[in-house]
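**Student:** Chains as they are written, first to last, in the numbering used here: chain L, 1 to 253; chain Z, 1 to 253.
Hints listed in this document are in silico derivations from the structure and should not be mistaken for laboratory results.
Do not rely on the hints blindly, as some may be mistaken.
These stretches of chain Z come out as covered by chain L in the derived footprint (C-beta under 8 Å, 3 or more residues) [what the hints assert, rightly or not]:
(1) 115–123
(2) 179–193
(3) 203–211
Reference excerpt, derived from the structure (chain L facing chain Z, CB under 10 Å, subset only) [claimed, not checked]:
(4) G20
(5) C126
(6) L167
(7) L178
(8) E183
(9) L185
(10) M190
(11) N204
(12) V211
(13) Y219
Quick caveat, the model's predicted, so the values are computed rather than measured.
Glycine included, each C-beta is placed from N, C-alpha and C at the ideal position.
Number of protein chains: 2
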Amino acid sequence: MQVSSAQYSDRAVFAWLVAGSQVLGVTAVVLTGVWMGHYHGGFAWDGTQQEFNLHPLCMVLGLVFLQGDAILVYRVFHNEPKKNVKMLHGMIHLLALIISIVGMVAVFDSHRAANYADMYSLHSWCGLITIVLFCLQWVMGLLFFLFPVASSWLRATYLPIHVFCGLVLLALSVGSSLLGITEKLFFSIMSSYSRFPPEGVLANVLGVLLVCFGVLLCYMITNEQYRRPRNPEEESLAVHFKTLTEGGSPTEP
Amino acid sequence: MQVSSAQYSDRAVFAWLVAGSQVLGVTAVVLTGVWMGHYHGGFAWDGTQQEFNLHPLCMVLGLVFLQGDAILVYRVFHNEPKKNVKMLHGMIHLLALIISIVGMVAVFDSHRAANYADMYSLHSWCGLITIVLFCLQWVMGLLFFLFPVASSWLRATYLPIHVFCGLVLLALSVGSSLLGITEKLFFSIMSSYSRFPPEGVLANVLGVLLVCFGVLLCYMITNEQYRRPRNPEEESLAVHFKTLTEGGSPTEP
Chain L
1 MQVSSAQYSD
11 RAVFAWLVAG
21 SQVLGVTAVV
31 LTGVWMGHYH
41 GGFAWDGTQQ
51 EFNLHPLCMV
61 LGLVFLQGDA
71 ILVYRVFHNE
81 PKKNVKMLHG
91 MIHLLALIIS
101 IVGMVAVFDS
111 HRAANYADMY
121 SLHSWCGLIT
131 IVLFCLQWVM
141 GLLFFLFPVA
151 SSWLRATYLP
161 IHVFCGLVLL
171 ALSVGSSLLG
181 ITEKLFFSIM
191 SSYSRFPPEG
201 VLANVLGVLL
211 VCFGVLLCYM
221 ITNEQYRRPR
231 NPEEESLAVH
241 FKTLTEGGSP
251 TEP
Chain Z
1 MQVSSAQYSD
11 RAVFAWLVAG
21 SQVLGVTAVV
31 LTGVWMGHYH
41 GGFAWDGTQQ
51 EFNLHPLCMV
61 LGLVFLQGDA
71 ILVYRVFHNE
81 PKKNVKMLHG
91 MIHLLALIIS
101 IVGMVAVFDS
111 HRAANYADMY
121 SLHSWCGLIT
131 IVLFCLQWVM
141 GLLFFLFPVA
151 SSWLRATYLP
161 IHVFCGLVLL
171 ALSVGSSLLG
181 ITEKLFFSIM
191 SSYSRFPPEG
201 VLANVLGVLL
211 VCFGVLLCYM
221 ITNEQYRRPR
231 NPEEESLAVH
241 FKTLTEGGSP
251 TEP
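Turn these sequences into a full structure, and let the hints steer you where they fit.
**Tutor:** Shown next as structure tokens:
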């Protein structure tokens, strides 16, 4: 297939954007680790504060970073057969889901050990809604696109909903994380927060990085230029997606 | 222009979605008023807590509800000349911007009177970034689309960026509002929040309503079915958008 110089230039810009998103994502995960490790005593699985500390780390790693990257694979692996990319998309999502569930168990477990109440804050409401919808999205994706259960028409109808819900879930994950950061700061450093202590600044920067990661991901995913090109050779390989690619719908993953 | 029964059905569903979004938006504004009015002593412009109370009300009304509706006008007013819709879009945005700036002044003013620190929390960082970008987006929109300053090519290039940034701004506005709700609750009812007091539940419900409003708006705006149809008659009226509508780009407002 002929590739024009404009397409090369687009791919070069895209490569830089992907690199930028990965720097943002990894930095956010590392900052979360530093925040919980340096300021809150590190990690353990023993019902203490150290078990709680796994909650932010798992959520930033699984629910935000890996979920974002799972969506991004469709844009990154242009030359791979779509079937393989679909498998990778589902597998990274599964890993993200498992890590997120571990993070959720960590908070309930540490709350129970410390006799703290659950599910009363806006963070917990938004977080639980996000995890439940994430599970639902993953199961629906599996049924519609990896197993040949649904008809072509049903898959074509569901695809734009799946794509839209994926982006909403990413935004909800970032939003819930920001609520969690605010809640944790108010529990830990409420009296000194207004004097710009290092912990407060670090956590605020983490929040801004998560927003930048989410916005950059959404930009790359929704931008027409970075959409996977329709390639007749790969269409024969991607059996389930065949009917979807034909129309060249802008909602094609 | 012929309208098929499928298009009628789409418009009927769209009308229900618009009605739903307006119910969500108005309920959110009313709940904010009730929260600040009933639990925090109402509103005034005198440097007290009552002046602070204008901050959440203005932000939910201006930054979320009116900003969302300003974006929605392109989808709602299908039969109006695009030039008029563009004017309405800009004017509702201007109103949203003025109300948001009043809300921002209210918080700085009440903080100064009470000798509270400013701009240390994640809410304040995200909120200020949102307001600054909102101003920038409005000025850029004015220069590119209402005044004939930019060339057709430049307008066509900027349009998808304008649309993307508009949706990001709406998401940022909802996110910043949720952070503000959490912050306010921790300042007001931190000790009783875990016992599900009416104020905590009301504020959490407000947060969930704002998320639903944002998601519903994004769905209506990004859904291909609800996009403004290309109408040859109106193209002669919408001079500035002429070149943009020709390609039928999915990023057309």
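**Student:** Enumerate the violated hints, using their earlier numbering and listing them in ascending order.
**Tutor:** Going through the list in order, the structure violates hint 4 alone and respects the others.
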